[in-house]
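Work the whole structure out from these sequences, hints included.
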Amino acid sequence: MNRNEHQRAIDLLTQRNVEGISAAEARWLEAHLEQCQECTSFAVALNDTEQALRSFTLMAPVSLVETTRARVHARAQELREQQARAVLMGVSFCLGVLTSTLTAWIWWTCGAWVADKLGLPSGIIEPGVLLFWLLPAVAIAVLMVAMPPTVFEGSLMQRFLKEHVRGAR
Amino acid sequence: MVAAAFSPLVTMETEEAQIATSLRRRDPDVLDALIEQYQHRLLRYLAHMTGNQATAEDLFQETWIRVLEKGHQYDGKSKFTTWLMTIAHNVAIDHLRKKTPASLDQMRETEDSAPWEPVAQSPSPFEQAAAMEDKTRIQAALEGLPPIFREVLVLRFQEQMKLEEIAKLVGIPLATVKTRLYRGVMALRPALLGGSQ
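First to last, the protein sequences are chains A and B.
Going by this note's numbering, the residue at position 10 of the first sequence is 10; the numbering climbs one at a time, nothing skipped.
Count along the second sequence from 1, add 1000, and you get the number used in this note's numbering.
Worth flagging that the hints you see were computed from the coordinates, not collected in a lab.
One or more hints might be untrue.
[Said to hold, decoys possible] Cβ-Cβ distance ranges computed for the label pairs, FRET-style:
#, chain 1, residue 1, chain 2, residue 2, range
1, A, A146, B, L1174, 51 to 61 Å
2, B, Q1073, A, L135, 37 to 47 Å
3, A, T40, B, Q1160, 17 to 27 Å
All residues carry an ideal CB built from backbone N, CA and C; glycine is no exception.
As C-alpha cells, then:
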C-alpha cells in the first residue's frame, strides 16, 4: 500500500459527504479501509468531527438582528444622500462650465470695452476679467470643500434629496 | 426566505440574479430578508472565526454594512452564500490582523487568547453544548485550533460547502484546503476520542 493510495482514500473520504463519490470509488474506498488502519482512523475522526460540528447551534439574538437592520438602513440612506449630492454637484458643475464657456467671450469683450473707455492698460483689465470670471466658482468650490455639506442644503437640495430617497425606496 | 421578497416561484438561479439586482439598487427590503435568512449561519461562522461572541456580533453588523456597500460587486453568477461568507471572511481577517499584526496563517490562537466569553442575554455555542460533556470537550479543542484550520472545518462541516467553494472563499489552493481539513480533523481527534490534546 503506497502513499498515493492513502492520499486517494483521504481525498475520497473528505469528498464523500458533500461532493459525493461514484459507486466504483466507494467500493475502492471500502476495500482500502478494510486494510488500512491509518485511513480508518481518519474516517472515524472525520465522521465524529462532522457530527460534533453539526450538533452545535448558535442563534443570533433578536436585538442583534434589529440593530443590524437599523444600521444597514441608516447606512443605505446615507449612501443614497451622498449619491444624490454627488449628482447635484455634478450637474451644477457642468452647468457652471457650460455657462462660463458660453459667456466668456461676452465678458472678455466687455472688459476690453471698459479698458478702452477708462484708458487702462490691457495688462490690468485682462487678469481682472479672468478673476471676475473665475473667482465666484473658485470661492464656491473652496467653501464647499471647507464647510460641511449640510450648510449648502437649502430648501432646493432638501426637496431634491427627499424626492430622490422616496423614489429609491 | 429571500425568494419570498421577489416571487414565490423563482428558481435558485433567478433568485441569485435578483439578489444581485437588488443589491445594486441597495434595496432595504431585500437586505432585511437576507439578514433574516443568513443571520444564524453568519454569526456562527464569525463566532468560530473570532472565538468571541461579542466580537462576532460586531463583525456581523460590519459584514452587512459591507454587503450593502459592495453589493454592486456581486454578479449573481455564484452562490450568494459563498459571496456573503467571503465578505465575512475578509471582515474577520481585517479584525484579526488589527488585533495581531501578523498574517492569519501565523496565528496560533484567537484574539486575546481568551476563552469563550458568553454574553448574558444570549447563549454561546459553549453554553448550548454544555449539557453534553463530549461536545464541550470538542468545542474546546476546536477553539484551541488555529483559525485557519477552524475556519475550514466550520465551512466544511457546518456550512456544507464544497472544497472548491472553500478554496475560492478563503483564497487558497484546493490542495491547501484539503491539507487544512486533514490536519484540522486529526488535531481534533484526541478530543473526539475522549482524550486530552
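Hints numbered earlier in the text: which of these fail when held up against the supplied structure?
none
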